[in-house]
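Visitor: Listed below are the residues making up each chain.
2 protein chains.
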Amino acid sequence: MPEFLKLLPPAAALQRFLQALPDDLQTQSERVKTQDALGRALAEAVTAPSPLPPFRRSTVDGYAVRAEDTFGASASQPAYLKRIGEVQMGRAADLALRAGEAVTVHTGGMIPDGADAVVMLEDTQSVAQDEVELLKAAAAGQNVLLAGEDVKAGEVVIGAGSLLRAQEIGGLLALGVTEIRVAMQPRVAILSTGDEVVPPEAEPEAGQVRDVNSYTLSALVERAGAIPIRYGIIPDELDALRAAARKAHAESEMVLIAAGSSVSARDITADVIQELGPPGVLVHGVALRPGKPTILALCGGVPVVGLPGNPVSAMVVAGLFVTPVLRRLLGLRGPAWPATLTATLAANVASVTGREDYLPVRLEMSPEGLLAQPVYGRSNLIFTLVRADGLVRIPAEATGLEKGERVEVRLF
Amino acid sequence: MPEFLKLLPPAAALQRFLQALPDDLQTQSERVKTQDALGRALAEAVTAPSPLPPFRRSTVDGYAVRAEDTFGASASQPAYLKRIGEVQMGRAADLALRAGEAVTVHTGGMIPDGADAVVMLEDTQSVAQDEVELLKAAAAGQNVLLAGEDVKAGEVVIGAGSLLRAQEIGGLLALGVTEIRVAMQPRVAILSTGDEVVPPEAEPEAGQVRDVNSYTLSALVERAGAIPIRYGIIPDELDALRAAARKAHAESEMVLIAAGSSVSARDITADVIQELGPPGVLVHGVALRPGKPTILALCGGVPVVGLPGNPVSAMVVAGLFVTPVLRRLLGLRGPAWPATLTATLAANVASVTGREDYLPVRLEMSPEGLLAQPVYGRSNLIFTLVRADGLVRIPAEATGLEKGERVEVRLF
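Chains A and B supply the protein sequences, listed in that same order. Under this note's numbering, think of the first position of the first sequence as 2, with each following residue one higher. Under this note's numbering, think of the first position of the second sequence as 2, with each following residue one higher.
Calculated directly from the structure, the hints in this document are not laboratory data. Honestly, I wouldn't trust all of these hints.
[Unchecked claim] Simulated crosslink set (DSS-like; lysine-lysine; CA at most 27 Å straight-line): (1) B:LYS293 - A:LYS137; (2) A:LYS34 - A:LYS153; (3) A:LYS293 - A:LYS7; (4) A:LYS83 - A:LYS137; (5) B:LYS83 - B:LYS137; (6) B:LYS137 - A:LYS7; (7) B:LYS293 - B:LYS7; (8) B:LYS137 - A:LYS293; (9) B:LYS153 - B:LYS34; (10) B:LYS7 - A:LYS137.
[What the hints assert, rightly or not] Counterexamples of contact, computed for chain B against chain A with all Cβ distances above 12 Å: (11) ARG17; (12) SER127; (13) GLY278.
[To be verified] Across the chosen pairs, the derived CB separations fall in these ranges: (14) A:LYS404 - B:GLY160: 22 to 30 Å; (15) A:GLU403 - B:TYR377: 38 to 46 Å; (16) B:GLU403 - A:LEU372: 26 to 34 Å; (17) A:ARG99 - B:LEU239: 34 to 42 Å; (18) A:GLY281 - B:MET366: 30 to 38 Å; (19) A:GLU369 - B:ASP95: 51 to 59 Å; (20) A:GLU238 - B:ALA93: 19 to 27 Å; (21) A:ASP95 - B:LEU239: 20 to 28 Å; (22) A:ARG247 - B:PRO339: 41 to 49 Å; (23) A:LYS248 - B:ALA12: 49 to 57 Å.
Each residue gets a CB set at the ideal place from its N, CA and C atoms; glycine is no exception.
Here chain A stands alone, though its shape is the one from the complex:
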């Protein structure tokens, strides 16, 4: 199919798009409570205000000792130390240990001055109220968590542009950082076009279908950490689309237009996008299936994507070209590791050289391991994706994939 040779491969198209984006694309930031920041993007590096742990802690229940007092101790030749007290949990160790002395400590408790190791309770015997028998020697530092071993005061603990997961929330709160600055969630305008499209709550008449793309795209945008704003269904008519697109462009950080699928509807979309501002359309058409009629544009500093009207194509294109831009808007740095699973392809799949294909597959556990079962269905059929767990990429240079090949499945 020579037509694909004139089109950019998806990776090159994405690169052209990302490189055109202004350096200051990132949204403004806002302060939020750390405990409400799950899934947000940190806008400002956080420095540890104090070390963690703030004091030396025992990692076991046992006796804090001076390691040198335990040297050579064994079950047959125990060492005997004088027990001078106990460190209560949550209290300062207000006693100092001298040669020949031991102090009872609990897991997480503070290590008293003078001690440099903890002998586990299991390796000791209590001889009398004030004497303890050690059946094992301890090396200096053994079972002791040093102050600052997790993080040091002044250390950058979480960099700007980090995605905040459960552990970041916990770590920040452990440091007493109860408010942080995060990227504001970008507003993403979503327009669906098509004279045949009606809202989901309408009863379609003959020749009409209900809107799908506004809602699948909203869901994907929401999952990526942005705020979808639906501008409704726009007729396939230049003036109407131009007016809606201008309004969306003025009110949002990114604009998505799921175009009607006829050639004339696509032409209107490209024209309207081109008029939104310079430099305009950067990529028109990608060597990709589904998703060939993709438009990537930057208009007056706002990224704009024209997506094919077919629901499956729209979702594939959103995954490939919208999500990376949302990461830039959020200021997220570092790679986004895609969630994948390796599986064995369950059937031969044909493909056309020169075009990157994305094949929906359903995962099935079999005695031979995980199978990826192709889900056939045209890209007009949204339930193709309902039946699928993920997509398999078929590289442009391949003429297909063979049954039994190991494939990476990108989970939805």
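Based on the hints, put chain B in the right spot on chain A.
Guide: Here is chain B on its own, set in the frame of chain A:
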């Protein structure tokens, strides 16, 4: 380490836990708007009220024809048909096609009665206003989407217990299903214990540390689709913990207790859980690192998990034992495909036979492909996980993993 031989392997512990859960564990259901249901669990199967697409549609711009009228047509021997009109987008095809006739159709438009194929515009030439020249033959059904090809009326399109992703939302709305019944989000009580633990907003005194587990566990519970309810920090004291646990047990669908890490704190936790209701503790201790002192219990129909106090252990245990129960509470069926990436281990890692280990790793792209770099740090250190992208499971039978081995990284 023979101590691990007395403990259940994680998979067996989970199986014992899940098998003990009552069949009717699932939460009640509630009706919500479909467009707000992203990430929820469908409680009731949805049947298609009408076929999708509701009528035969063209997948291209071109001419609707009777395939038999095109047989033998080629560039050198075109077929000539009479063009009798055009089907407007969003309108019924209110004309019927007879032998020798063609009708202009657009992508997504309705196919008129009598036609059974569409010839692409590119394969035609317009001879006169009312005549079209076909340069290619069309097989019956070509470029035609049949009514009901996506789903048939009466077909179960999404089963009870399905997780609602972007495509399910879009598919349901395409069918006009604007309200659905989903599982109510289970309330999960989270208790942290420890005389040394203070809230994040407090300035810890000597011997005190801030609460981490309440917040990491809340985040994980939220991500799993449930509602975390924090019961605060409970002193390591039988009566206090008993009172808090009883209240939590009465008010929630699941209870998590992140126990103080000392042996006595753990003993109190196990005693309190045992008293909450029959059958009580099912598993006490798992051959797992980190996470050995895990308690799995069912108390009067409510699943209760006692998690180790170390933040890293608590997160590993939550992933292994809490998430699967939340899926049961939500009524989610079918396997939960874990998000993984295959990478090359960047260093030798030692492990003890008889115990399943979870090793935090950081992913790095190298010229040789994706590397999994072990992140060392004791399980007391929450920033160990901040520095990591996922966990590598080291099987119980292994004595370690070798540098250069291919490993599956479970992404956080």
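Visitor: So, for every hint listed, does it hold in this structure?
Guide: Outcome of the hint check:
About 23 Å separates the Cα atoms of LYS293 (chain B) and LYS137 (chain A), which keeps this hinted pair within 27 Å; it holds. Restraint check for LYS34 (chain A) and LYS153 (chain A): the C-alpha separation of about 23 Å stays at or below 27 Å, so the hint holds. About 11 Å separates the Cα atoms of LYS293 (chain A) and LYS7 (chain A), which keeps this hinted pair within 27 Å; it holds. Distance hint between LYS83 (chain A) and LYS137 (chain A) is fulfilled; the C-alpha atoms sit about 16 Å from each other, no more than 27 Å.
With a C-alpha separation of about 16 Å, the suggested pair LYS83 (chain B) and LYS137 (chain B) falls inside the 27 Å cut-off, and the hint holds. Using a Cα cut-off of 27 Å, the hinted pair LYS137 (chain B) and LYS7 (chain A) holds, with the two alpha carbons roughly 24 Å apart. Taking the CA atoms of LYS293 (chain B) and LYS7 (chain B), the gap is about 11 Å. The hint holds against a cut of 27 Å. Among the hinted pairs, LYS137 (chain B) with LYS293 (chain A) is consistent with the structure: their alpha-carbon atoms are about 23 Å apart, no more than 27 Å.
A threshold of 27 Å between alpha carbons decides the hint, and for LYS153 (chain B) with LYS34 (chain B) the separation of about 23 Å falls inside it, so the pair holds. Distance restraint check for LYS7 (chain B) and LYS137 (chain A): the Cα-Cα separation of roughly 24 Å lies within the 27 Å cut-off, and the hinted pair is therefore satisfied. The Cβ of ARG17 (chain B) lies farther than 12 Å from every Cβ of chain A, with a closest approach of about 21 Å, so its non-interface assignment holds. No Cβ of chain A comes within 12 Å of the Cβ of SER127 (chain B); the nearest lies about 15 Å off, and the non-interface call holds.
The beta carbon of GLY278 (chain B) is kept farther than 12 Å from every beta carbon of chain A, the shortest such distance being approximately 29 Å. Range check, LYS404 (chain A) to GLY160 (chain B): Cβ separation about 28 Å, and the 22 to 30 Å hint holds. Separation of GLU403 (chain A) from TYR377 (chain B) is about 42 Å and conforms to the stated range, judged on CB atoms against 38 to 46 Å. The hinted range of 26 to 34 Å is satisfied by GLU403 (chain B) and LEU372 (chain A), whose Cβ atoms lie roughly 29 Å apart.
For ARG99 (chain A) and LEU239 (chain B), the Cβ-Cβ distance of about 36 Å falls inside the hinted range of 34 to 42 Å, so the restraint holds. Checked against the given bound of 30 to 38 Å, the beta carbons of GLY281 (chain A) and MET366 (chain B), roughly 33 Å apart, stay inside it. Here the CB-CB span from GLU369 (chain A) to ASP95 (chain B) is close to 55 Å, well matched to the stated 51 to 59 Å. Separated by about 20 Å at the C-beta atoms, GLU238 (chain A) and ALA93 (chain B) satisfy the suggested range of 19 to 27 Å.
A beta carbon spacing of about 26 Å between ASP95 (chain A) and LEU239 (chain B) agrees with the range 20 to 28 Å that was offered as a hint. Hint check: ARG247 (chain A) to PRO339 (chain B), Cβ distance near 45 Å, so the stated range 41 to 49 Å holds. The hint said 49 to 57 Å for the Cβ distance between LYS248 (chain A) and ALA12 (chain B), and at roughly 56 Å that hint holds.
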